[in-house]
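Build the full structure now, drawing on both the sequences and the hints.
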Amino acid sequence: MLKLLREVFRTGEATVKYPFAPAEVSKDFRGKPEHDSVSCIACAACTIACPPNAIAMETDVEAETRTWSISYGRCIFCGRCEEACPTGAIKLSADFELAVARKEDLTTKAVFRLAKCRSCGEPLAPAKEVAYVADLINAFCTSPEEADRTRLLVATCPECKRKHDVEQVASLGIERQLENRR
Amino acid sequence: MSAFISPNDLTAQPAGLSMSDHIASMKGQLLSNIKRSAYVYRVDCGGCNGCEIEIFAAITPLFDAERFGIKVVASPRHADILLYTGAVTRAMRMPALRAYAAAPEPKIVVSYGACGCSGGIFHDLYCVWGGTDKIVPVDVYIPGCPPTPPATIYGFAMALGLLGQKLKAETHIEADGEAAPLQHPDMPYNLRVLLERQARQMAGYRQGKDIVEEFLSLLESRDPVQVESRIARFIAAETDPRRAEIFSGLCQTFTRTLTDEQP
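Residue numbers (the numbering used here), protein chains in the order written: chain B, -8 to 173; chain C, -6 to 256.
There could be a bad hint or two in this list.
[As the list claims (entries may be wrong)] With a Cα cut of at most 27 Å, we get these calculated BS3-like pairs of lysine-lysine:
#, chain 1, residue 1, chain 2, residue 2
1, C, K127, B, K100
2, C, K28, C, K64
3, C, K159, B, K82
4, C, K127, C, K20
If you're looking for bench data, these hints aren't it; they were derived computationally from the structure.
Okay, here's the thing in structure tokens:
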């Protein structure tokens, strides 16, 4: 009996203080995915990686917007979005206090603008994504003319690129034929 | 290709239960002056048992939800709070409704876990209703897969009106001239990709990312000491042999790339 009592006093209180004190979480705890909309380029890598489709992206061609959304109610906190993100815009935080009374409060959204194709004017890709890719490729460019060319190339839709290629090849062919005749 | 058809669109959806005004006012009164223990009845509507394990972890002495009077009972007739876990399989609809009907008014319904909140990873399966709120009116949603015991305690405290809600619906709209910053703009892109790839191969995506960030910060730091000796000193100070090995591998790749580029 006394032995047991001594053991009880030696052990002390095991119960955690939460909710009166902040709960301690381990170092790699996977809590609420925190989305930094400024560094997000709306590339949709996270929506493809997300196993339960908690992260979704919807493109509205009429309004020329792309809406990124996450439903914390469907999220399984696996961290695949964090692995897939090329810009580090989404990170799992230590926040676990996610209970809500209204279901709408479980959704966070971010609206991004779409860039238009330089050639035909149709909506192409998120403007931030186009700018980000152009910035990345710029680092390889040796001359300002080449940089301008890549910027134009990145902001052109595949359809227009194909059309331009065909036109260029055709004009080359005509010149060559003329040369052969001479 | 035709538009994506969810199996749930092809089958009949049950009409949700509605709550009368009288019961709603009773519930408000219960929450405003609850001066007794709140008994919880747990309804498993086809969960994977992860949520159940966490609920029972929450009532163990370590987290001790019973110090707030929250007690798990064996019958819905004793319950104040009904705790629905799982994505609500088709077979479990009637038992779930029977448990709801058996609990005395006013009762609080808590939807527990990602599956309970919205169907979770099973949301588009043909055999589930996809969330507790499809069949009974829900008062509190506790997301998580599964929710940790502190998250459970927080959810209960919210259901009883003791703690406030923290999460709010947000919509960010892209501002004019908003641009995503390039990461490590001074670092050659090919070198960075090479290092990132190697670190991921050695340590996986999550830890590999952390390790390569640490390595790049070592390279970028404005220390007058030579880069190689700086990295060597860091590796010597590293206590984890696995991390030290990965760092020395990254260092080899770095020097090899430099010597390849210079001649």
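So, going through the hints one by one against the coordinates:
In summary, the hint linking K127/C to K100/B is supported, as the alpha carbons are separated by about 23 Å, within the 27 Å threshold. For the given pair, K28/C sits about 15 Å from K64/C by alpha-carbon distance, which is consistent with the 27 Å threshold. For the hint linking K159/C to K82/B, the alpha-carbon distance of about 19 Å falls within 27 Å, and the restraint holds. Pair hint K127/C plus K20/C holds up; C-alpha atoms about 21 Å apart against a cutoff of 27 Å.
Of the hints listed earlier, there is not a single one the structure fails to meet.
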